[in-house]
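From the two separate chains plus the hints, produce the assembled complex.
Going line by line, the protein sequences match chains Z and B. Residue numbering for the first sequence follows our numbering, starting at 44 and increasing by one per position. Residue numbering for the second sequence follows our numbering, starting at 627 and increasing by one per position.
In case anyone wonders, no lab produced these hints; they're calculated from the structure. As the structure is a computational prediction, the values presented were derived from the model and not from experiment. Heads up, the beta-carbon is just placed ideally off N, CA and C, and yes, glycines get one too. Treat each hint with caution, since some may be false.
Some residues of chain Z that are not near chain B, with every Cβ distance over 10 Å (derived) [as the list claims (entries may be wrong)]:
| id | residue |
| --- | --- |
| 1 | E76 |
| 2 | F104 |
| 3 | I121 |
| 4 | I231 |
| 5 | S237 |
| 6 | P239 |
| 7 | L242 |
| 8 | L255 |
| 9 | E300 |
| 10 | L303 |
| 11 | L371 |
| 12 | L383 |
| 13 | A402 |
Which stretches of chain B does chain Z cover? Using the computed rule of at least three CB atoms under 8 Å from a CB of chain Z, they are [as the list claims (entries may be wrong)]:
| id | stretch |
| --- | --- |
| 14 | 706-718 |
| 15 | 786-798 |
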Amino acid sequence: MDLKIRRDENGNPRKSPLSLQLNLSKFNASMFEKATEEEKRQQDVMSESTTFFKDGMRKLFKNPLAVGSIIVLGLILIIIIFAPLFVPYSYEEILSVNGVRDKGAKNLAPFTYSKMEQQYIEAGGTRFPHIFGTDEQCRDYFIRVVYGTRVSLVVGFFASIIVLIIGMLYGSISGYLGGKVDLIMMRIVDIIYSLPDMLIIILLSVVLQSILQFKPGSFLDSLGTNMISLFIVFGLLYWVGMARLIRGQILSIKQNEYILASKSIGAPTGMIIRRHILPNCISVIIISTALQIPSAIFTESYLSFVGLGVQAPMPSLGSLANSARGGLQSYPYKLLFPALTICLIVLSFNLLGDGLRDAFDPKLKR
Amino acid sequence: MNTPLIEVRNLKQYFPIKTGLFKTELLKAVDDVSFSIDAGETLGLVGESGCGKTTVGRTLLHLYEPTAGEVLFEGEPVTKDNLPKMRQKMQMVFQDPYSSLDPRMTVEDIIGEPLDVHKLFENKKERRDKILYLMNLVGLNAEHATRYAHEFSGGQRQRIGIARALAVNPKFIVCDEPVSALDVSIQAQVINMFEDLQVKLGVAYLFIAHDLLVVHHISNRIAVMYLGKIVETGTADDVNYTSIHPYTQSLMSAVPIPDPDYTRQRKRIVLQGDVPSPLHMPSGCPFRTRCRFACDKCAEAMPPLTDRGGGHQVACWVK
Ligand SMILES: Nc1ncnc2c1ncn2[C@@H]1O[C@H](COP(=O)(O)OP(=O)(O)OP(=O)(O)O)[C@@H](O)[C@H]1O
Ligand SMILES: [Mg+2]
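Chain B extracted, bound-state conformation (with noise of 0.2 Å):
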């Protein structure tokens, strides 16, 4: 078997937290996490709000010093000492198109950047045409360099972002939730151009995202996060028609579809209770304090991922 791209192995993440005058405690956003990204692929990561999503992604590239466990990029273990060399190779796409770009630079700088720092080109036409080359391959008009960030749309400026993740030619590239700060019309074209960017240029994406129907339109395969760990992965349809994992079931049955016939005909799994604070987990299982088939065993031990079929894998001790 050949090494994956990129290997999460027990990724650990614990914030240390003030909640008293002298105590602190850790909140664990992401509790160990393993999983792994093949050249060209699309892994989908999906959760509700606050489930640790944005920090798998930040973990994972280092921008946070994880607490434990590793990551592997082909085969390589990513560390303080490679890190400016990995960082050529894996990069990130920001949640929020406002804040992730300066608005005192240019299209041109905010472009420029990654350029300037790995000194990717050799005279000031290089860099000009390479940036020119960028923007042209993200669908923006190459009269815009000189603009500043602050002049353009949500679309437009998540594109100014692609490109600067682009600039470095990294293999793989976190997209954090890339869309959802964007309107409906705009986010079909922006995951379009994800698209057409991974069969041009081959790079594999971690894709967060929140809502199922993306997720599914552009991944290769889905996990699924509740409360800092991975429930339930596998093939993006596998993941979405043979939901296992009754939080899967629960997210899938709120997708809206439209088809006035199914809907009338399918049940809403709606969830009882919150959910619980990251710094109270409750024993066991996380999701047991709102499953509805929870157990005497599920307040007991987390369950482990156990594979239920061409690598279709679920954490539940029930299903």
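Excised from the complex, chain Z in its bound form (with noise of 0.2 Å):
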């Protein structure tokens, strides 16, 4: 069949009357205005420009739980490092008035005096008040918290750090090098993995008691042998999920073609590392350090609380949960303190690392 297509006096197709089309024949070019570039440029369909980092951020700030726990952790952080400035107590010190112990200021409750306070204060003295109550051993309790914080905090953030210098170091070289050295180096990650940690840690800490000696006063003494033998199990042991966790990700990078493209243009290995493999995997560290933090925090409660933790007097958010025991039924709130503490930092974080893991997956837009 062929198509006739019936035209006007123009040469122009001609409109059938019922078809909704613009009629053509009615229009010339005189009566078309050019667009402006302003108009052309508003026919661009981009996003807004925005870094990388910029672009996280503003996705991060937008999680409100993610938020909620940035405020959590600021408060703590706040409270640890200025509680100590105006509370006049220190962790170690038995309470006394006048330079007179205090015996009656055994196992108070929050905001509540002694005996002995009461009167000074009667006198015309001022006492600060005991906001989480006192101890057994007539020590301010807030401040004990405050210092289990501190400690808690600073194995979770140390232990993190030990973690994952080894874990990135063993795991990039295992990924970007692969074949035979990924094979074995992996399979050493395998037995690693495979050993009982719990065992090692007591093990270790029963043979370093007998070894390690520290300068008396100095910081490693009064944290302990118990701590120190953490430490060394978290860089021993605990690395290997870190190790995995980074070849995995320097190897699925690798395959991209954009490693390639940069191969054919000449660019020389180390060039490649440093401009496209280690900008494309530091989300993924600073997310699983992130929860990387919470896990050493609740190990450390874990083994202070078995008894394996920071040397006494010293405080730990474990070992104080661990001396509540005793007294539960009587003063349950001792264990209350250290407990939330332990929880709202373990869930802020927790919270964080899943926040940050949704604003800067790039394969997560939007």
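Right, dumping it as structure tokens:
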């Protein structure tokens, strides 16, 4: 069949009377105006230009859970930094009034004073309140919880840094080299993964107890051999998870064609790692470090709870919870405060880690 | 006779593949491929998915170390030692515009990377000027220089990839299915740009595609691949209109032609069976398992490429 197109006198295709199309014969070029540069630009469909980091931060601050946990962590940080400045007690100080030991300040409830303190206040003296009460050795409980939180956070933070450094080095070497090197390195990881970690911590702390001698009064001494062995175990055992993660990440980044493109340009290996591989796995590293901190805090609390944690009188949240067990029925709040703090910290870090992952995963755009 | 720009001689690329616990077999992705490309010319490379087109391109550029064979650039063999120099003369545009640009880099840095690698600028201003010139060359708006690759559409991304390839001022570019990830209206724009650039800059292309119409449009000569081997090669018109190899004929018969009369008349040659696994290639001619004309001789030996007049070469015993 041959289609004959009916045309009008100007040579334009004739419009059927029922058609909804524009009748072109009524228009000519002079009736149209050229689009200005600005109008053309409006046609550009592009999202706002943002850096990757800014974009991630914007998404992070839109996540109410993440913002909430940042606020909670910020508050906890402010309290543990500044509280010792205006609370006049120290964590190992046995309460005394005018140089006389206050024997009645034992197991006080929050915001109460002992008899001696009340007499002192009535006589015109001022006494800082015991916000969380006192413990059975007449020490201010609030400042002990503050110091316990400090210890727990420091342990969590440094243990994560140790894990991060070892895991990152090991994982990136294994992932980048690949092949046989990767195979052997990953079998070593598998072996370490299968070791019973708690058993090794207990054995190590027993062994180290007899080997390690610190200068009395130094920071390491007050932390105790148990904590040192905890760090050593983190350094020996816990990096494997991080190493696996980073290896996997690098293996998948290596698959991308932009690495091949960079090679085809002639970029040397060092440049490829610096320009392409590291920036593309940095977000995963930050996220998993954020998630590593609560797990380290948890391990520390657990060890302190079973009596393998920090050396007395240095408190940690776990050891505080442990010693609160004794008078649980009479003074339940003594367990509540450290336990609640652990929960808040661990929960906040986990939620923050989740928020970071959602915000910085380029595959989950918007 | 003057030396061609690129000459590929008996190129082979075998990948060792683990097929069992202790067994590795060789996957012959590219098996004994030879061709040449003159300066400013386009050679189209077609074949179905998995026949080894990408591997040819990458092995040619020594992104994969060739198992055997050699590549000559202006008569000089490409080796490990002169590779950094050669990287400035031969470039590649990748198949997937989404994974071939680093999502963490701005357009400026992506296009600037080859300039940084080969130190092709004296100062910051010169670098910036060169980048803007390249962006202009491929039709990108200069204001987009500070944007991130993930903010662009597929067509624009492919332009960024082309600008990156052009940054070192190469004489030869391997274009690995540069338009197959784009939709049809954009395909035409990008292909026209490739042609314009060739006229302007005099680059030669190895243009890989599986779309015969596209390849015929842009190429001077065409090579048809099947399972790692070139089965037919000749001028674009020869291969398109007077194809001889049964595989090429079946490919041609599948090309949609916007003419209902013609379509009704012509017979589609539908191939029987599946593509054999590249791990277990049939003996002799790899196409014989699906060929209508296969005979005993085809099972015995691979037919060599023989000239059928005017440089039109075909590897077939029967035809
Ligand atoms: N790095 C590699 N290691 C092992 N096998 C590979 C590798 N690269 C490609 N192959 C194999 O080589 C064969 C050819 O692959 P190639 O990517 O070259 O095909 P192609 O023609 O480009 O296909 P497409 O049109 O889908 O891009 C395939 O069977 C593929 O599985
Ligand atoms: Mg391919």
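Hint check:
no., hint, verdict
1, E76, "holds, 22 Å"
2, F104, "holds, 20 Å"
3, I121, "holds, 34 Å"
4, I231, "holds, 21 Å"
5, S237, "holds, 22 Å"
6, P239, "holds, 30 Å"
7, L242, "holds, 34 Å"
8, L255, "holds, 45 Å"
9, E300, "violated, 4 Å"
10, L303, "violated, 6 Å"
11, L371, "holds, 53 Å"
12, L383, "holds, 40 Å"
13, A402, "holds, 15 Å"
14, 706-718, "holds (count 6)"
15, 786-798, "holds (count 3)"
Hint violations for this structure: numbers 9 and 10, all remaining hints satisfied.
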